[in-house]
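Participant: So the chains spell out like this:
There are 2 protein chains.
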Amino acid sequence: MAYSVNDPVQILAHVHSYAITQALVGACHLRLFDHMENAGIASKQLAENLYADPEAMEELLNALVSLGYVEKINAGNRTVQYRNTPISSTYLVTTSAQSLYPYIMIQGQVAYPVQANFRHAVQEGKAQVERTFGHARYFTNILANDQKKAMGFFASMHALSRVFHCPVALESFDLSAYREVCELGGGTGMVALALAQTYSTMNITVFDLPPAIEAADKFIPLSSKPENLRFQKGDLMRDSLPYCDLYVLSHIIHTYSEDQASYILKQVYASLSPGGAVLILENLYNDDKRGPQFTHMFSLSMLAFSGTRQRSFPELKYLLERQGFKNIEAKRTGSLSDAVLALKPALH
Amino acid sequence: MAYSVNDPVQILAHVHSYAITQALVGACHLRLFDHMENAGIASKQLAENLYADPEAMEELLNALVSLGYVEKINAGNRTVQYRNTPISSTYLVTTSAQSLYPYIMIQGQVAYPVQANFRHAVQEGKAQVERTFGHARYFTNILANDQKKAMGFFASMHALSRVFHCPVALESFDLSAYREVCELGGGTGMVALALAQTYSTMNITVFDLPPAIEAADKFIPLSSKPENLRFQKGDLMRDSLPYCDLYVLSHIIHTYSEDQASYILKQVYASLSPGGAVLILENLYNDDKRGPQFTHMFSLSMLAFSGTRQRSFPELKYLLERQGFKNIEAKRTGSLSDAVLALKPALH
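Order-wise, the sequence lines are chains C and R. Each residue of the first sequence is one higher than the one before, starting from 1 at the first, in the UniProt record's numbering. Each residue of the second sequence is one higher than the one before, starting from 1 at the first, in the UniProt record's numbering.
Some clues are possibly wrong.
[As the list claims (entries may be wrong)] With a cut-off of at most 27 angstroms between alpha-carbon atoms, the simulated DSSO-like pairs for lysine-lysine come out as follows: (1) C/Lys126 x R/Lys72; (2) R/Lys149 x R/Lys218; (3) C/Lys126 x C/Lys266; (4) R/Lys317 x C/Lys44; (5) C/Lys72 x R/Lys126; (6) C/Lys317 x R/Lys44; (7) C/Lys44 x R/Lys126; (8) R/Lys44 x R/Lys72; (9) C/Lys126 x R/Lys44; (10) C/Lys317 x R/Lys72.
Hints were generated in silico from the structure; no laboratory data involved.
Looking at chain C on its own, in the form it has when it is part of the complex:
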């Protein structure tokens, strides 16, 4: 049903949209999509398998049908069964190579409760993690204190990289001219692995905090780790960066303020060889900052989680130009990551 802009039911649909989040989070938490992967299943049987209430399970399944994640099929003898749609088989089943399960779980466990304090984020212009959980920085805190949650966070970023950032890293620009490459804040190394496998002449180093580097082995098995992929522990806000001719920053800049982002890009520029470049993978606003709607919502979520926000290409270009970058080019993808390539001028 489509609502006109003056229909107040649209307001209710918007206000109730938290239920869309929790339908997905709840279904993933219960591993509902795993249980529907190989065959259709009756609602009552699924409720029994998952120790759930039969009526509530049917409500959830029908809601997931309305969102496009589940199909309702006639299994003969007036029996109705439910099964995954292709999008669920690919992205929601936990064992799928493209599974977004870890990201969805983090959104439910962390981002959803933090967003309850959104209005404080607007008043204070800063992250609401401390107000929500009683400690100041979610990421720093779980790295130090909660191994299980830390692995969940790494898994979440790894999943996003695999599904969204890798294709953009490979398809947006021809990077074959670059030899010494460093991915800053590269986490468990998914984007770097994709680049290393595609560009055999590229030597790529993943540069990130020790806990991320130590977790990488769990996500990229030794057997699939090519020789041109290395890992290096370091803090991009404190340590000097490896000298190279291409830096990759995949969903990093948006977690920093203007001043912090400028500092990082300054260090990047200084450590680049002349003629080198920086590749930024990040979800960009349209140039006039009207849409995409998803980017606006993603940005509000960032605001409550880290006190920062998404940028348009003109805004990012301005930050890069101030450090001396030239030939700054954007490729829009319509997906989570857009790509921006900026060059450090060669010596004359």
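Place chain R on chain C using the hints.
Facilitator: Coordinates of chain R only, in the frame set by chain C:
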């Protein structure tokens, strides 16, 4: 931007839809729409007026533009201003007669945190108020212990009635044949007031728990209370009902289980004069329970809040037929409330 069903960005948009809820809740909480009602205002000025962070305020305003609640206008001299769209002036400004502000605040304060426990609702098939807030029944508890929250709840239901239920009550069926009318669980009496004003020959009684009846004066001023509108304290699950020829149940049945709803409809049938009727105002699923999508989300929200769910017309018809009702007819509105009228056969 439209996503194809196989585009994984659609999943992220769905998962992040909690930010849509909080954009509206946050903006209402800050009374942002009130401050933009009479003239356009610059983002920085609005931030100053509301003691908010200027950058965060601009993010919120642009997000509200993307959702259709705010317009961005060129105020000359390269100055950009923001102002309400018509839908916001009508439904989001607190002083508007049609304001949904109280309902949106309750959704943020109560429904959003309860929904964080949605997967437990699926497993247990019951309300998650106790798990969320530490006490069992939100409504019962606040009525007894928290006058301010109780008034917020009444205001929220009053606002929904005014905007959604009243037009449906007046437009769906000709009720001019009914003389003695009772609205069960009628709260602060908005629907009953509309009926009393429209049908001068109707005597209508609002029947609800004492706190709701006592609060009614605050919502309907004595000066606008017609003589044919009365209030009566009572509990529809315990007390005998007034004898009459039309009962109205506006957004009541969906808060009860099958057994409880059957009990209420049985009492209603018994207390109706022969030839009398019951009018049920409630958001109905499509007959095949595929959509509307809003109804699915509303139902998931009910599931976590009260452990109950929305129904289709065939489901509601079945409940009514079991008690002896005949000539059961539904009018679909495409809005929050649909209308169902069912008759108790006349004596032969």
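Participant: Below or equal to 27 angstroms on CA atoms is what counts here, so check R/Lys44 against R/Lys72.
Facilitator: Holds - the C-alpha atoms of R/Lys72 and R/Lys44 are around 14 angstroms apart, at most 27 angstroms.
Participant: C/Lys72 and R/Lys126: Cα distance at most 27 angstroms?
Facilitator: 25 angstroms, holds
Participant: Given the hinted pair C/Lys126 and C/Lys266, is their alpha-carbon gap at most 27 angstroms?
Facilitator: 24 angstroms, holds
Participant: So if I understand the rule, the pair passes when the alpha-carbon distance is 27 angstroms or less; does C/Lys317 with R/Lys72 pass?
Facilitator: 24 angstroms, holds
Participant: Given the hinted pair C/Lys44 and R/Lys126, is their Cα-Cα distance within 27 angstroms?
Facilitator: 17 angstroms, holds
Participant: Is the Cα-Cα distance between C/Lys126 and R/Lys72 27 angstroms or less?
Facilitator: Answer holds: C/Lys126 to R/Lys72 is near 25 angstroms, not above 27 angstroms.
Participant: Do the alpha carbons of C/Lys126 and R/Lys44 lie within 27 angstroms of each other, as the hint requires?
Facilitator: 17 angstroms, holds
Participant: Between the alpha carbons of R/Lys317 and C/Lys44, is the straight-line distance 27 angstroms or under?
Facilitator: Between R/Lys317 and C/Lys44 the Cα gap is close to 23 angstroms, so the pair holds against 27 angstroms.
Participant: Taken at face value, is the distance from the CA of R/Lys218 to the CA of R/Lys149 at most 27 angstroms?
Facilitator: Distance of about 14 angstroms is within 27 angstroms: holds.
Participant: Take the C-alpha atoms of C/Lys317 and R/Lys44, compute the straight-line distance between them, and say whether it is at most 27 angstroms.
Facilitator: With a Cα-Cα distance of about 23 angstroms, the restraint between C/Lys317 and R/Lys44 holds, given a limit of 27 angstroms.
Hint check: no violations occur; every hint is consistent with the structure.
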